[in-house]
Amino acid sequence: VSTTPTPNPWVVASSDEYGARAAVTIPYRPEPPAHPADLVFEGPCPRCDHGFVYRWPLEVVRGVSTITVTVSCQCKYAHPGRPETVDGCGAFWNVVVRAP
Amino acid sequence: MSLPVSGGQASQSDLAAAQQALADRTDELALVRAAAGKWQGGLAGLLAIVTGVSAFTLGDTIQALQRPFGLVIAIGVMAAFAVAVAATIAALRASGGLPRLRSTPAAGAAHQDALTAATDLRRAIWLSLLALLIFGVVAATSWFAPRTADSPTLARIEANGRSLCGELDAKTVPGTLLITTSAKSVEIVGLASVRSWKNVKQCP
Chain G
227 VSTTPTPNPW
237 VVASSDEYGA
247 RAAVTIPYRP
257 EPPAHPADLV
267 FEGPCPRCDH
277 GFVYRWPLEV
287 VRGVSTITVT
297 VSCQCKYAHP
307 GRPETVDGCG
317 AFWNVVVRAP
Chain C
716 MSLPVSGGQA
726 SQSDLAAAQQ
736 ALADRTDELA
746 LVRAAAGKWQ
756 GGLAGLLAIV
766 TGVSAFTLGD
776 TIQALQRPFG
786 LVIAIGVMAA
796 FAVAVAATIA
806 ALRASGGLPR
816 LRSTPAAGAA
826 HQDALTAATD
836 LRRAIWLSLL
846 ALLIFGVVAA
856 TSWFAPRTAD
866 SPTLARIEAN
876 GRSLCGELDA
886 KTVPGTLLIT
896 TSAKSVEIVG
906 LASVRSWKNV
916 KQCP
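Chains as they are written, first to last, in our numbering: chain G, 227 to 326; chain C, 716 to 919.
Heads up, none of these hints are tricks.
Have a look at the derived ranges for each label pair, beta carbon to beta carbon:
{"no.": "1", "chain 1": "G", "residue 1": "T251", "chain 2": "C", "residue 2": "R837", "range": "40 to 48 Å"}
{"no.": "2", "chain 1": "C", "residue 1": "L848", "chain 2": "G", "residue 2": "T251", "range": "55 to 63 Å"}
{"no.": "3", "chain 1": "G", "residue 1": "P235", "chain 2": "C", "residue 2": "D742", "range": "28 to 36 Å"}
{"no.": "4", "chain 1": "C", "residue 1": "T831", "chain 2": "G", "residue 2": "T251", "range": "32 to 40 Å"}
{"no.": "5", "chain 1": "C", "residue 1": "A749", "chain 2": "G", "residue 2": "P326", "range": "27 to 35 Å"}
{"no.": "6", "chain 1": "G", "residue 1": "R255", "chain 2": "C", "residue 2": "L848", "range": "42 to 50 Å"}
{"no.": "7", "chain 1": "C", "residue 1": "L848", "chain 2": "G", "residue 2": "P253", "range": "47 to 55 Å"}
Hints are computed from structural coordinates only; laboratory data are not their basis. For every residue, glycine included, the Cβ atom is placed at its ideal position computed from N, Cα and C.
Use the sequences and the hints to build the structure in full.
Written out as structure tokens, the structure reads:
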């Protein structure tokens with residue numbers, strides 16, 4: 227009998243809980259630091275706990291102090307039911323970050 | 716590294732917009748390169764027509780113009796050629812990029828390449844317009860600049876036992892030559908009496 231826990235199936239889903247957990251566990255950094263073109267989020271997925279890296283393309287918007295970013299899990303773990311063309315477990319959420 | 720200010724649930728439309736933004740970023744370099752390739756073809760054709768026509772026709776024009784107009788036009792043509800070459804190189808660089816070696820994949824390199832290509836493409840367009848503007852000014856100047864007067868035909872003629880040297884006048888009576896000598900005397904000589912004729916550059 228295998229003791230390996232069954233991985234979460236791939237499900238496209240979002241919740242306030244995912245967003246709240248991500249806001250305290252997934253830090254972000256601007257890249258490149260001098261003239262940012264992307265925000266890079268790196269940390270554990272709030273749903274499956276697998277580590278992932280997510281690169282968000284920045285747009286130039288003047289006069290805003292915060293940006294709302296939609297992040298989706300990009301882990302490489304083979305969640306059952308996941309299409310071959312995508313990564314992650316299907317979880318996605320919004321976070322509000324300070325404009326770089 | 717910073718932590719987000721807050722987090723919450725996202726909608727399906729948020730997810731769709733994010734996926735579209737990621738796809739746009741992925742495709743932007745290819746899109747800019749493709750646009751630059753089309754611009755490159757158009758600019759090259761336009762410049763070839765203008766520079767080709769100018770190169771083949773302006774040479775004689777420059778020779779015929781008074782100084783300093785001929786010199787100014789020659790310099791203008793060379794400047795326009797230089798700008799046209801710079802425009803072509805910028806368009807080529809925008810459509811094909813420059814060869815580059817990287818030891819490791821650089822994050823965001825494709826986006827930087829897309830920004831560089833877009834800048835090169837804008838530069839190519841402006842340089843092409845500048846080259847066309849210079850050609851236009853050069854052409855207009857060549858149309859209206861004063862031309863050098865035709866040099867008179869000077870000849871040394873032996874006729875009636877005399878040697879005459881001077882400017883020949885075509886508007887003369889048939890069968891005769893009208894010669895204005897350097898002493899400003901006008902001589903009419905019958906063609907039948909001419910024993911020798913030699914065109915000269917100047918008369919004594």
